[in-house]
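Below are the chains, spelled out letter by letter.
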Amino acid sequence: MRRGAWFPALLTAALALTLTFLTLPVLAIFVHRSPGELVSKLGDPAARDALRLSVETTTIAVAVIALVGTPAAYLLATRAFRGRALVVTLLELPLVLPPAVAGIGLLAALGPSGLLGGVLRDSGIQLVLRTAGVVVALIFVSAPFHLRAAQSAFGAVEVSWREASRTLGAGEARTFARVVVPAAAPGLIAGLALAWGRALGEFGATLMFAGSFQGITQTAPLAIYADFATDFDGALALSAVLVAVAGALLLSTKLLVGDALARA
Amino acid sequence: MRRRLAAGLAAVAAAAAMTACGSSGGATSTSGGGDLVVSAASSLTGAFTQLGRSFDGGAVRFSFAGSDQLAAQIRQGVKPDVFAAANTRLPQALHSAGLLGRPVVFAGNRLVLAVPAGSTKVRGVADLAKPGVTIAIGSASVPIGAYTRTVLARLGAARARAVLANVRSEEPDVKGIVGKLAEGAVDAGFVYVTDVDATNGKLRAIELPVALQPSVAYGVAIVTGAPHPRAARRFVAALLHGAGAAQLRAAGFEPPPAGAR
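As given, the protein sequences belong to chains G and R, one line each in that order.
At position 167 of the first sequence the residue is numbered 167 (our numbering), and the sequence of numbers has no breaks.
At position 213 of the second sequence the residue is numbered 1213 (our numbering), and the sequence of numbers has no breaks.
Since the hints were derived computationally from the structure, they do not count as laboratory data.
Among the hints, erroneous ones may be present.
[Stated by the list, open to error] Pulled from the structure, derived: some chain G residues nowhere near chain R, Cβ distances all over 10 Å:
{"no.": "1", "residue": "L11"}
{"no.": "2", "residue": "L22"}
{"no.": "3", "residue": "E37"}
{"no.": "4", "residue": "V39"}
{"no.": "5", "residue": "T59"}
{"no.": "6", "residue": "A72"}
{"no.": "7", "residue": "L107"}
{"no.": "8", "residue": "V159"}
{"no.": "9", "residue": "P182"}
{"no.": "10", "residue": "L207"}
{"no.": "11", "residue": "M208"}
[Stated by the list, open to error] Okay, the calculated beta carbon distance ranges per label pair:
{"no.": "12", "chain 1": "R", "residue 1": "P1131", "chain 2": "G", "residue 2": "A46", "range": "46 to 56 Å"}
{"no.": "13", "chain 1": "R", "residue 1": "R1230", "chain 2": "G", "residue 2": "F21", "range": "28 to 38 Å"}
{"no.": "14", "chain 1": "G", "residue 1": "A14", "chain 2": "R", "residue 2": "S1215", "range": "50 to 60 Å"}
{"no.": "15", "chain 1": "G", "residue 1": "A132", "chain 2": "R", "residue 2": "P1131", "range": "15 to 25 Å"}
[To be verified] Interface residues of chain G toward chain R, partial, derived using beta-carbon atoms under 8 Å:
{"no.": "16", "residue": "W6"}
{"no.": "17", "residue": "P8"}
{"no.": "18", "residue": "S113"}
{"no.": "19", "residue": "L129"}
{"no.": "20", "residue": "A132"}
{"no.": "21", "residue": "S212"}
{"no.": "22", "residue": "T217"}
{"no.": "23", "residue": "P221"}
{"no.": "24", "residue": "I224"}
{"no.": "25", "residue": "Y225"}
{"no.": "26", "residue": "A226"}
{"no.": "27", "residue": "F228"}
{"no.": "28", "residue": "A229"}
{"no.": "29", "residue": "T230"}
{"no.": "30", "residue": "F232"}
Bear in mind the structure is a predicted one, so any value in this text is a computation, not a measurement.
C-beta atoms are modelled at their ideal positions from N, C-alpha and C, and glycine is treated no differently.
Working from the sequences, and respecting the hints, build out all of it.
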């Protein structure tokens, strides 16, 4: 062996190991049963309800994140203020929280006997064990993904573009809508896609905060867990759908926005 | 600044990941691969954890979850040493499939209607059918959910339907039901009397009429090809008589019901 050739070989071995380890469970979902069997399992009403609910709740969650999170991220990316680093860290905390902690926290804050439980009850808002509760849990766990990506996307927009726009007489709102958002669009889309993927997979916080009921709060991951005990093939079929959707989400984003994902 | 923040965040993430590992293996001891592994129904969590501390056959690791989830794991090839379920049907089925030794019944329990301690909204089974009452039950596949459906079936079709219409969550195990009740997320739920005892007064148990009470029997068996057969036999023996049985009674479990296999 040539002197020094061991290191590239080591790198290749490490990559091969990583690739095998990370793709094997995903591939196993598809080879365990034939595609026909998987598809026929999706005819189950509980599976259909779960998929429909997952699509609805994640769509609403991502829409809210886009509407509220994007301007919030813009402010963080373009203004220097005292305590900014602290604010950024606090916003990113849900990224690293165990889902069970998110579930307990949501109950302690928004549950019937939580901090804001009384206020919510008085204003007639019910979250726990409702579809709205699922959306709240999804937003909590997935918003930080978009906030992070959006901040770096806005940060990468040349300051001179904004200044030019302002010099030409556009107000800040107009500059934001016409110049900054289009320029940052790839990063924003990547952030929303990441948030969507995370929301689609949310399990623990949803179960604890919103419960599990077919058609109301039982999203696809919860249905997979429920099926595991009684209908392993059904659980596999739902898992296959989630893998396909997540894969499509990742791939289309990559094609659409190039390496913005990597930068996020 | 940005880099420092990223490094700090990575540290936080690593710490969180470690915490997560630590908590998921809650009852896991660190003495290595030689421990007896017991897969047990969620409702046995308190009693078995106590029992594990005083067990004289070596260290015990527990995996608590819905009996149906644990049975599914065994079907998928997971090999604990002992499987203790909140019914006799699951151990019997796994025994028939050659995955378990012959199961024995080691304890009984009672289903109760549990309500948050301060709540007066539900005073009995009759109130469950009222509009506006919210209920959490076990999913159909977990034993607590199956027993609950037995109780509801005995109410008659019309009343059972009215009660089911008030169900807001079907939980994967009994801990989920207790959690929803303790948080006040629902008005009532069907759990075992031992679960209410374990909440130290947070929940109140409403006894079911005798005519509605299902026979709740806990079955235990040694897993075929268990890695620690000797310790497994000692553990099962302890459940049937002696210290383990006494601890189960102290935790509110009943002796095996008459006629249960």
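Verification of the hints:
1. L11: holds (22 Å)
2. L22: holds (16 Å)
3. E37: holds (17 Å)
4. V39: Nearest chain R Cβ is 22 Å from G/V39, so the label holds.
5. T59: Per Cβ check, G/T59 is outside 10 Å of chain R; nearest 23 Å; holds.
6. A72: holds (18 Å)
7. L107: G/L107 not clear of chain R: closest Cβ-Cβ about 5 Å, inside 10 Å.
8. V159: holds (16 Å)
9. P182: holds (25 Å)
10. L207: Label violated. Min Cβ-Cβ 7 Å, cutoff 10 Å.
11. M208: violated (7 Å)
12. R/P1131 - G/A46: 46 to 56 Å: violated (26 Å)
13. R/R1230 - G/F21: 28 to 38 Å: Hint holds: Cβ distance 35 Å, inside 28 to 38 Å.
14. G/A14 - R/S1215: 50 to 60 Å: Holds: the Cβ-Cβ distance is about 57 Å, inside 50 to 60 Å.
15. G/A132 - R/P1131: 15 to 25 Å: holds (21 Å)
16. W6: violated (29 Å)
17. P8: violated (27 Å)
18. S113: holds (4 Å)
19. L129: holds (4 Å)
20. A132: G/A132 check fails; min Cβ-Cβ to chain R is 13 Å, beyond 8 Å.
21. S212: holds (6 Å)
22. T217: Given a least distance of 7 Å, the restraint on G/T217 holds.
23. P221: violated (12 Å)
24. I224: violated (11 Å)
25. Y225: OK, holds: G/Y225 within 8 Å of chain R, min 6 Å.
26. A226: With a closest approach of 6 Å, the G/A226 hint holds.
27. F228: holds (5 Å)
28. A229: At about 4 Å, which falls below the 8 Å cut-off, the nearest Cβ of chain R leaves the hint on G/A229 intact, so it holds.
29. T230: holds (4 Å)
30. F232: holds (7 Å)
In summary, the numbered hints that this structure violates are 7, 10, 11, 12, 16, 17, 20, 23 and 24.
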